[in-house]
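Kindly produce the complete structure, drawing on both the sequences and the hints.
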Amino acid sequence: MRSIATCYSENAIKVSDSYCSGPASSRTSISQHPTRPAPSSVTSTYKIIRNNSSLNSNPIFVTVNWSGCGGGDGGFSISVTDKIPSASNSPARQFRKPKGSKEFEACGCRIELLWNLSPAFYDAGPEPVSGFYVVVLIDSEPGLFLGDVEEIEDEEGEDGFRRELSPVSRIEKFVSGGSGRGSYSTRAQFSRVGEMHDVMINFGTGGDQSSAAAGMSVLIDGRRVFEVRRLRWNFRGNQTIFLDGIVVDVMWDLHDWSFKETGEAAVFLFRTRSGLDSRLWLEEKILEQKKDPERAEFSLLICACKKPG
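Using our numbering, the first residue of the sequence shown is number 363, and each one after it goes up by one.
It is worth saying that the hints were derived from the structure and are not from the lab. Treat the hints with caution; some may be incorrect.
Unchecked claim - Keeping only pairs whose Cα atoms sit at most 20 Å apart, straight-line, the calculated EDC-like set for lysine to aspartate or glutamate is:
| # | residue 1 | residue 2 |
| --- | --- | --- |
| 1 | Lys464 | Glu503 |
| 2 | Lys409 | Glu467 |
| 3 | Lys669 | Asp618 |
| 4 | Lys459 | Glu503 |
| 5 | Lys535 | Asp618 |
| 6 | Lys409 | Glu659 |
| 7 | Lys459 | Glu474 |
| 8 | Lys668 | Asp615 |
Stated by the list, open to error - Derived DEER-like restraints, expressed as beta-carbon distance ranges:
| # | residue 1 | residue 2 | range |
| --- | --- | --- | --- |
| 9 | Lys464 | Trp595 | 44 to 52 Å |
| 10 | Arg585 | Met613 | 18 to 26 Å |
| 11 | Cys469 | Asn564 | 36 to 44 Å |
| 12 | Ser545 | Phe621 | 17 to 25 Å |
| 13 | Arg543 | Gly599 | 14 to 22 Å |
| 14 | Asp611 | Ser463 | 36 to 44 Å |
| 15 | Met613 | Asp485 | 23 to 31 Å |
| 16 | Phe621 | Asp501 | 46 to 54 Å |
Where is the CB? At the ideal position from N, CA and C, for every residue including glycine.
Shown next, in the form of structure tokens:
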């Protein structure tokens with residue numbers, strides 16, 4: 363007799379054969395404006411390596427959070443720390459005015475913040491998509507720039523704000539509703555030199571604990587890279603996919619979403635690997651010849667809730 367574990371694990375997770383991304387134009391792409399719930403909060407963390415070698419060479423992490431119902435009503439908050447950000451070591455400063463500047467001390471440095479959200483254009487969420495800028499200067503040295511570079515260059519009369527960023531993480535939270543099912547799409551760049559990818563997640567139990575059809579699927583650029591069946595038995599797990607020649611681990615945890623009436627979060631994590639572990643063995647020699655810089659880890663965390671809060 364077949365065991366219960368065998369019955370429920372057979373074909374529970376189906377991975378597309380040898381999924382490895384190429385240029386976005388070579389694949390079917392999902393709609394540019396897919397129907398999806400708007401994020402209620404977007405938090406991005408960036409790592410800044412300072413140019414002045416005479417100063418502290420430790421990297422500085424800047425975290426920017428956008429929240430609210432959209433249209434800039436919630437403003438933004440920012441935190442600066444010299445450690446990997448966490449709730450305990452990165453107290454945030456909130457800014458609600460559409461335009462302004464602020465100076466403060468952090469990490470033993472003088473931080474200058476300049477922003478202008480007055481002409482900003484917003485899509486469905488609280489994060490502006492164009493017509494704005496947020497600039498962070500560290501001891502008068504350009505650190506972080508977000509938005510339209512032309513606007514700040516016109517005001518400052520220089521182009522010293524052009525700088526490559528090293529995104530560390532991005533967290534998007536959204537409210538899916540109380541049906542037990544959810545769908546969410548976003549765009550993310552998993553490496554500094556990689557393509558911008560469309561990411562879509564469909565998941566849910568449909569409120570029927572015995573439903574064999576309950577499951578989850580992950581699509582990249584419109585192509586299903588893997589699906590999970592019998593989600594109530596496979597509410598936690600992980601899979602590995604390849605994007606832009608690097609390894610991306612996909613992890614999910616839907617235990618609370620599936621079994622708690624309070625509507626706790628469903629969590630999905632996309633995390634790249636750093637160092638040699640991030641490379642496909644076939645391209646390692648090519649990368650050595652090109653002398654590409656070491657790839658840093660990047661994480662995309664998506665959190666779904668059935669209720670606001």
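Exercise. For the pair supplied as a hint, Lys535 and Asp618, is the alpha-carbon distance within the 20 Å limit?
Worked result: This hinted pair holds, its Cα atoms lying about 16 Å apart.
Exercise. Does Lys668 pair with Asp615 here, judged by a C-alpha cut-off of 20 Å?
Worked result: 15 Å, holds
For this session: Using the beta carbons of Lys464 and Trp595, state whether their distance is inside 44 to 52 Å or not.
Result: 51 Å Cβ-Cβ, so the 44 to 52 Å window holds.
Problem set entry | Verdict for Met613, Asp485 (Cβ pair) under range 23 to 31 Å | 27 Å, holds
Exercise. Is Lys669 within 20 Å of Asp618, Cα to Cα?
Worked result: Satisfied, since the Cα-Cα distance of roughly 13 Å is no more than 20 Å.
Exercise. Is the hinted range of 18 to 26 Å satisfied by the C-beta distance from Arg585 to Met613?
Worked result: 20 Å, holds
Exercise. Between Lys464 and Glu503, does the CA-CA distance stay at or below 20 Å?
Worked result: With a Cα-Cα distance of about 15 Å, the restraint between Lys464 and Glu503 holds, given a limit of 20 Å.
For this session: State, for the Cβ atoms of Phe621 and Asp501, whether the hinted interval 46 to 54 Å holds or is violated.
Result: 51 Å Cβ-Cβ, so the 46 to 54 Å window holds.
For this session: Look at the Cβ atoms of Cys469 and Asn564 and judge whether their distance stays inside 36 to 44 Å.
Result: 41 Å, holds
Problem set entry | Holds or violated: Lys459 to Glu474, with C-alpha atoms at most 20 Å apart | Within the cut-off at roughly 16 Å; holds.
Exercise. Could one say that the CB atoms of Asp611 and Ser463 fall in the range 36 to 44 Å?
Worked result: The hint (36 to 44 Å, Cβ to Cβ) holds, given that Asp611 and Ser463 are roughly 40 Å apart.
Problem set entry | Hint consistency between Lys409 and Glu659 [alpha-carbon to alpha-carbon, up to 20 Å] | 11 Å, holds
Hint 4 from the earlier list is the only one contradicted by this structure; the remaining hints agree with it.
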